[in-house]
Amino acid sequence: MTPEQVRQAFIEALGQIAPEGDLDHLRAERPLRDQLDIDSYDFLQLVIALHERLGVDIPEADYQRLATLQGALDYLNAATAAMRS
Amino acid sequence: MPALGADMEAGKLVEWLVKPGQHVKRGDVVAIVETEKGAVEVEIWEDGTVDALIVELGTIVPEGTVLATLHDGAGAAAPTAPRAVSPAPVAPVAQAAKPAPVVIAAERYKISPAARRKAQELGVDLAKLVPSGPEGVISLADVERAAPAAVAPGAPAVDRMEAMRRAIAAAMSKSKREIPHYYLANSIDVTSAVAWLARENAARSVQDRVLFAAVLLRAVVLALKEVPELNGVWVDDRLQMSQQVHLGVGIALRGGGLVAPAIRNAQDKTIPEMMAAVSDVIRRARAGGLRSSELSEATVTVTNLGEQGTETVYGIIYPPQVALVGFGRVASRPWVVDGTVQARDVVQATLSADHRASVGHRGAVFLSALDRLLQQPEKL
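Protein chains in written order, with our numbering: chain A, 1 to 85; chain B, 1 to 380.
Misleading hints may appear alongside valid ones.
Covered by chain B, per the in silico footprint, the following chain A stretches (three or more residues, Cβ under 8 Å) [as the list claims (entries may be wrong)]:
hint, stretch
1, 16-24
2, 46-58
3, 66-74
Residues from chain A that keep clear of chain B, each with C-beta distances beyond 12 Å, as calculated [as the list claims (entries may be wrong)]:
hint, residue
4, M1
5, E4
6, Q5
7, R7
8, Q8
9, R27
10, N77
11, R84
12, S85
No lab work stands behind these hints, which were simulated from the structure alone.
Where is the CB? At the ideal position from N, CA and C, for every residue including glycine.
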């Protein structure tokens, strides 16, 4: 899976939980929670959606690594690459 | 038209889900009304066969209005509400005997409240929309795409927020005017509960993970059993305690606003069941599919404002309830355990209670029970 596909899948999953959010202008280094007004329930839905779309099983202990767009993409790229190998 | 909670007196009928001649059972959803808190599903409280739909779509209906009449099965038509308020205007609906009455949409559209409202403003027919969202949900963008081109972006969204703000203002003003609140707060060490849940979740699939809020809700329900005067309503100058715990949960709506639907019969729910119930009401609160009974029947409410870092909530009771339980953020704190300072996970639990219905000592017993229960999460 290319980084562009991972990004696409992540943005789609975000759109599912925060349909009114402005996903085109997310700041890569700022917490998603502040930009999209998402709470822990939304975040759990995001983790479930990522599991469905990418097959990655994100343990709770790793949640904080997905706090920003950049962090999430880095994490997901590594996780999908690890699944391939 | 059922009650929709202390802060709403009317709703606009936007969809009939039944038609004359159709059999309905107690608890069926028969119509959808649009309110300042989103689309609400109206349930029926008797079994029978729909006789006539009296209220036309688009009408704003106050609480207590007869919406439709029912045959009770014995051949006589009875109004579905306690009494008919007026000679009913003739309802322009198809007769049941005709083969294909298609006046009423028999299907429930999955649509967000914002999108439903926009569709009405723009005169977009929901049946002709192609949903692009997940699970066939019609989004605001779908509606806007389907609308005739030259439509000015409207102010009505602002009006809706304004209406919701007014509704909240009315309920909260009533609360502060009439309810003599007292407030108590305890810091509760939840280290063992947090660790227990982390272990439980590690063994669960992603879909079955439980949020800590569900653990707190379960503990609240059990603590209420020990102090039942916090669970009920204050009506006609007296406390009516409730056998069941219909647990209201404060849910922030995207873009502002607040709704506190009830998890019905929460006293019977295990932690995973509580999580499923919370997920269900949050999803429906945000997508617009709450039921009228959920908005009017809560016997106590819990608010959890820890998400943004708030430590302590001193809540305002939602009338006619008599208590509100608040939780702040679960934070790692220096804490004295067995004479030594340790880092522990601590949450501030608060109780706002109606002093007409309970005394401070009993409120303190409740918070103390909550603390005790949370020390043994495996027994919750």
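Evaluation of the provided hints:
{"no.": "1", "hint": "16-24", "in the structure": "holds (count 4)"}
{"no.": "2", "hint": "46-58", "in the structure": "holds (count 5)"}
{"no.": "3", "hint": "66-74", "in the structure": "violated (count 0)"}
{"no.": "4", "hint": "M1", "in the structure": "holds, 19 Å"}
{"no.": "5", "hint": "E4", "in the structure": "holds, 21 Å"}
{"no.": "6", "hint": "Q5", "in the structure": "holds, 18 Å"}
{"no.": "7", "hint": "R7", "in the structure": "holds, 18 Å"}
{"no.": "8", "hint": "Q8", "in the structure": "holds, 15 Å"}
{"no.": "9", "hint": "R27", "in the structure": "holds, 18 Å"}
{"no.": "10", "hint": "N77", "in the structure": "holds, 19 Å"}
{"no.": "11", "hint": "R84", "in the structure": "holds, 20 Å"}
{"no.": "12", "hint": "S85", "in the structure": "holds, 22 Å"}
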